[in-house]
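Protein chains: 2
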Amino acid sequence: MIKLSIIGSGNVAQHLISAFAKASEIELVQVFSRKADQVSHLVESEKIVSDFSLLIDADLFIIAVSDDAIGTVSGQIPFQNKLVVHTSGSIAISALDEKNRKGVFYPLQTFSKNKAVDFRTIPICLESQNATDFQLLEQVARSISDQLFAVNSEQRKALHVAAVFVNNFSNHLYTIANDICNEHQLPFEILQPLIKETAEKIMVLSPSEAQTGPAKRKDQRTLDAHLEMLTNPMQKKIYTLLTQSIQSHE
Amino acid sequence: MIKLSIIGSGNVAQHLISAFAKASEIELVQVFSRKADQVSHLVESEKIVSDFSLLIDADLFIIAVSDDAIGTVSGQIPFQNKLVVHTSGSIAISALDEKNRKGVFYPLQTFSKNKAVDFRTIPICLESQNATDFQLLEQVARSISDQLFAVNSEQRKALHVAAVFVNNFSNHLYTIANDICNEHQLPFEILQPLIKETAEKIMVLSPSEAQTGPAKRKDQRTLDAHLEMLTNPMQKKIYTLLTQSIQSHE
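These protein sequences, in sequence, are chains V and W.
All the letters of the first sequence, read from the start, carry residue numbers 20 to 269 under this note's numbering.
All the letters of the second sequence, read from the start, carry residue numbers 20 to 269 under this note's numbering.
Extracted from the complex, chain V is given alone in its bound form (with noise of 0.2 Å):
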């Protein structure tokens, strides 16, 4: 049994509670929550904490806590040595305390409070100083999910950028279509199975290869009666910009 605390109460926090909770191989130790509440539908309340002098002694320490605050929180683990990491797609490794042995267990994914996820295909992204370090997050991360990558701090990072690109800025698109639809009395439900069909075209085709539409085809006549249909500036310039970017792709 592999004993793990987690540090944190929030989305991500919750999510791998709940998880771990199924793990055979982990025994989930504590949980620090400054809000108990948070927590108490999801852990035992003995568990739960709300001062780091009462941590008790674990295999491994998970910070699940906003990116500004990973660097304070760790420093105040009352231990020496330990594997402490964080969760954070944004924040190198070095942001952690230096007292204990460092590491990352970045779950890929986005997080809502009312939405299940499927752990075990969630890629967790993972990063430590040794190898010993790194075969133990390995088994703590397979006690989830089956899509485990080793991405060092700066790949990490861009790992976020592009995650960025795919889902809130995708996401953001959807809204833009959203309000579309509103504008003309149409219900967006009409847009989500090509929406789906979209995301799936993209496990069995490149995406450059799944391109289509008028920019692609330099269909002028389109793009134009498009530009004129759209009042909004803001949606135009998107929509210039990212004709101009797909027809400037190799």
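Possibly wrong hints are sitting among the right ones.
Copies of the same chain look alike in the list, so a pair counts if it fits in one copy or across any two.
To be verified - Below, in silico cross-link-like pairs of lysine-lysine (BS3-like), each with a Cα-Cα straight-line distance of 30 Å or less:
hint	residue 1	residue 2
1	Lys134	Lys66
2	Lys22	Lys66
3	Lys118	Lys101
4	Lys237	Lys255
5	Lys256	Lys235
6	Lys22	Lys41
7	Lys215	Lys256
8	Lys235	Lys255
9	Lys237	Lys54
10	Lys237	Lys132
11	Lys237	Lys215
12	Lys132	Lys54
13	Lys256	Lys237
14	Lys215	Lys235
15	Lys132	Lys235
16	Lys54	Lys235
17	Lys215	Lys134
18	Lys134	Lys237
19	Lys118	Lys54
20	Lys41	Lys132
Quick caveat, the hints were computed from the structure, so don't treat them as lab data.
For chain V, the structure is supplied; the task is to place chain W on it using the hints.
Frame of chain V; chain W shown alone:
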């Protein structure tokens, strides 16, 4: 039995032929194709014609050709007062030749030659000039899909622009993410579950509810770090513009 013929042999035509072949209420009378070999695997050779004068009578003629050719092709159908529809998202109903009754049968989906789609989940947008024709189109559409919508030419134009945002533009964001992965020796597969979840999330949350990320939470430190990491000028421009758009969106 409703008798229909399809004019065209491209992606949309081929997917329609396959779908109607399985529909018991539909008799596929003929397929018009200049390139018989493109459809010979889908329909008996005696039903394939490449000369308009060989077209025989039917209840409905579905024109599935490129946007530019719709007007000309509709003028070459050797009948009068028949119901003739096109399948385009961006062409008005008025583009069809006057000698026949006009309509639109627009399946809103992205079709690839090498990827099967479940036609029953594809929204079909219908338009006609009178209620009787609309009923016929509904019957035909219902034989292959469960998602029917009445969409007029102005709405369809807006819908087509919205589809460009969620399909062509999202796919281009996937391409950029793929480029970033390649540049940093990361497998693109690592992003696929995130892409899938992003698309599925908006089936249960509205896109604006689903919006997360550094732009949304005005995390300037992460935004700056991301822009610094991006070396490609076009990627930087897109990152900046979409961040602005997320932040200025109500």
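A quick look at each hint next to the structure:
1. Lys134 / Lys66: within (25 Å within a copy, 50 Å between copies)
2. Lys22 / Lys66: Cα proximity of Lys22 and Lys66: one copy only (13 Å, versus 70 Å across).
3. Lys118 / Lys101: Cα proximity of Lys118 and Lys101: one copy only (8 Å, versus 82 Å across).
4. Lys237 / Lys255: Both. Shortest intra-copy (17 Å) and inter-copy (23 Å) distances satisfy the 30 Å Cα cut-off.
5. Lys256 / Lys235: Classified as both: same-chain Cα gap 18 Å, cross-chain 19 Å, threshold 30 Å.
6. Lys22 / Lys41: Within one copy only: 14 Å inside, 57 Å across.
7. Lys215 / Lys256: both (25 Å within a copy, 27 Å between copies)
8. Lys235 / Lys255: both (18 Å within a copy, 21 Å between copies)
9. Lys237 / Lys54: between (55 Å within a copy, 24 Å between copies)
10. Lys237 / Lys132: between (42 Å within a copy, 20 Å between copies)
11. Lys237 / Lys215: Answer is both; intra-copy 25 Å and inter-copy 28 Å each pass.
12. Lys132 / Lys54: within (16 Å within a copy, 53 Å between copies)
13. Lys256 / Lys237: Close inside one copy (18 Å) and across copies (21 Å); limit 30 Å.
14. Lys215 / Lys235: both (21 Å within a copy, 23 Å between copies)
15. Lys132 / Lys235: between (38 Å within a copy, 17 Å between copies)
16. Lys54 / Lys235: Result: close only across copies, 24 Å inter versus 51 Å intra.
17. Lys215 / Lys134: Classified as both: same-chain Cα gap 17 Å, cross-chain 14 Å, threshold 30 Å.
18. Lys134 / Lys237: Between. Shortest inter-copy distance 24 Å satisfies the 30 Å Cα cut-off; intra-copy 40 Å does not.
19. Lys118 / Lys54: Within one copy, since 26 Å is at most 30 Å while 72 Å is not.
20. Lys41 / Lys132: Intra 18 Å, inter 42 Å, cutoff 30 Å: intra-copy only.
Taken one by one, the earlier hints all hold for this structure without exception.
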